[in-house]
Every structure is written in structure tokens, then in C-alpha cells.
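Visitor: Sequence:
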Amino acid sequence: MQNKGLFSSGYISPGKISAKSLTPGIYIIVNDNNILMERGKNGPALPFFSTPPAFLGAPKSLHYLGEDEGRPCWAVELAYDVPAPEGYYYSELRPLVNLLDEESFSLLGRGFQIVDWERTHNFCGRCGAALDQIDHERSKKCPACGLLAFPKISPAVITAVVRDGKLLLAHNKNFKAGMYSLIAGYVEPGESLEHAVAREIKEEVSIDVKNIRYFGSQPWPFPHSIMLGFTAEYAGGEIREDGVEIEDAGFYTAGDFPMVPSKGSISRKLIDWFTEAFPAGNSRKV
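Residue numbers for the sequence shown, in the working numbering: 1 to 286.
Everything labelled a hint here was simulated from the structure, so no lab data went into it.
Treat the hints with care, since some could be wrong.
[Unchecked claim] Just the calculated beta-carbon pair ranges, DEER-fashion:
#1 P279 <-> Y80: 53 to 61 Å
#2 K176 <-> A144: 43 to 51 Å
#3 A156 <-> E103: 33 to 41 Å
Cβ atoms here follow ideal geometry from the backbone N, Cα and C, with glycine treated the same way.
Required output: the full structure, derived from the provided sequences and hints.
Guide: So, in C-alpha cells, the structure goes:
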């Protein structure tokens, strides 16, 4: 899959899709919390079916995602457990982040999140009435009180903080032993992304930062985040780990890193950016 992204050729309401609507294309097939993958020659691949697979039966939900290089993309939740066909297997979502290219994983995460939203958002959070599907967009509306519901997306910030040619790395208590990464956290209601960056770093390691700059973003379906990457410069203070999330933190040169995340995540992209920009502790400005 080339790095061209997913392009929609028009929204189709799930309420207007049936098994008869399906076409040849890429299929994100969800069975409980597992996803059907093809056993490709070079590792797992998103399944492409030249004819809609008969084993889908009467799916619990169907969703049109758009097109990739002219190929329709569908997300399907199976109504009952179906064994994987020969040449395919079921996988949880997280292990696939390091096995697929970025565009394939993005499409996979999109399909999985939409299926999960469909099965977890059927009733109004205000009055409890059953929600109706909106025909012209991916949303639902309460017929009783008018509340609109959209797929949940939780923005989170992650930041590469540089001090004199060294990068701030921290061990979160939820990481495996010896793993270090960048400071990250969710954006609070009513705050800017830049404020979230400064707040998270202050809360978790007690230091101040300046010259906060946007780096890039990555969909992160664990369970429904969008990761927003930033770079920043150290501005003052001494590291004091909060002891709640962060157990250890420090500044490291590129040649002295502890274990860091593998490729496939925006945290690793930021770390790789640092190693290229500061290969020998160069203290130039970020």
C-alpha cells in the first residue's frame, strides 16, 4: 500500500449497506476483538477479496471506509465466530503496529475503531434512547432529545524535550522493564495543545519547557487516540518524577539511550529525529 492515504468516493450510511452492497476490495474483518489478516509472503497483509467472501454471512455491521488506489475498503463485524479461512489468521490489533506499513496500519485502525464505535454507541448518553444512524455523515442522533454522537477520538500530545544536546526519556510504570520513551498525555477540555504539552511535562517530571513546535501526528487506535507530536526546549527546573506514572526520567545523548520503542510509533519518529539532529550531543537550538 503506497503512502497516499485513504480517499473517500462518497459517504455511505451503514444503514444503507447490506451484504449485497459489498464489492471486491480490501476488507477489515473484525471477529470480537481480533482482525482477520492474510498470511503474505513478507508478513501479514490486509485481505483483498476479488469477490465478497461468503463466510461473512449476515454481518453484525458493515461500513464503507473509502478507496485506496481505486480499491473500495470495507470494515465488517462478524455476527458470530468464524474460523479463519486457509491462508488467513486472526490477530489482535496491537502486535500489528510493528508488522504493517504505516498506511496499512492506519487503515486497519480506522476500520477497527469504527466497528468498535458502532457496537459501543447505540444509546443516547443523555436520555438513554436508542440512537438513529445519520445518512449523510458518520454520526448518530437521538430521536428523543436530538443529541448528536460522533466516533470518539481522544487527542494526546507527546514531546521530545531537548536540553544541551540531550533528550528527555522516562520510564512509565506501565512500560515493560527497562523501556523508556517520551512524555505523553491526553489533552484536557478547554486547553490548547501547547498548554497540554507544558502541563504534562510539568506534572510528570516537574520541569518547564519553551519553544514548543509541532512535529506531526499519528492515528493511534489504543483505543481511540490521535497522537500529536511536538519538540520543545528545556527551560528550567530539576527533574522530579511524579511517582504515579513516571518512575524514572533523565536526559540522554543519542549514543547513550536505554531501550526505546520500536519503529512504527510517533514516539520512535521523534526519537529518530533527535538522533539525526543531535548525533553527538550537539547543543544547537531545536
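Visitor: State for each hint whether it applies.
Guide: Verification of the hints:
1. For P279 and Y80, the hinted distance range of 53 to 61 Å is satisfied, since their beta carbons lie about 55 Å from each other.
2. A hinted range of 43 to 51 Å for the beta carbons of K176 and A144 is consistent with their spacing of about 47 Å.
3. Separation of A156 from E103 is about 21 Å and departs from the stated range, judged on CB atoms against 33 to 41 Å.
This entry does not satisfy hint 3, going by the numbered hints stated previously; all others are met.
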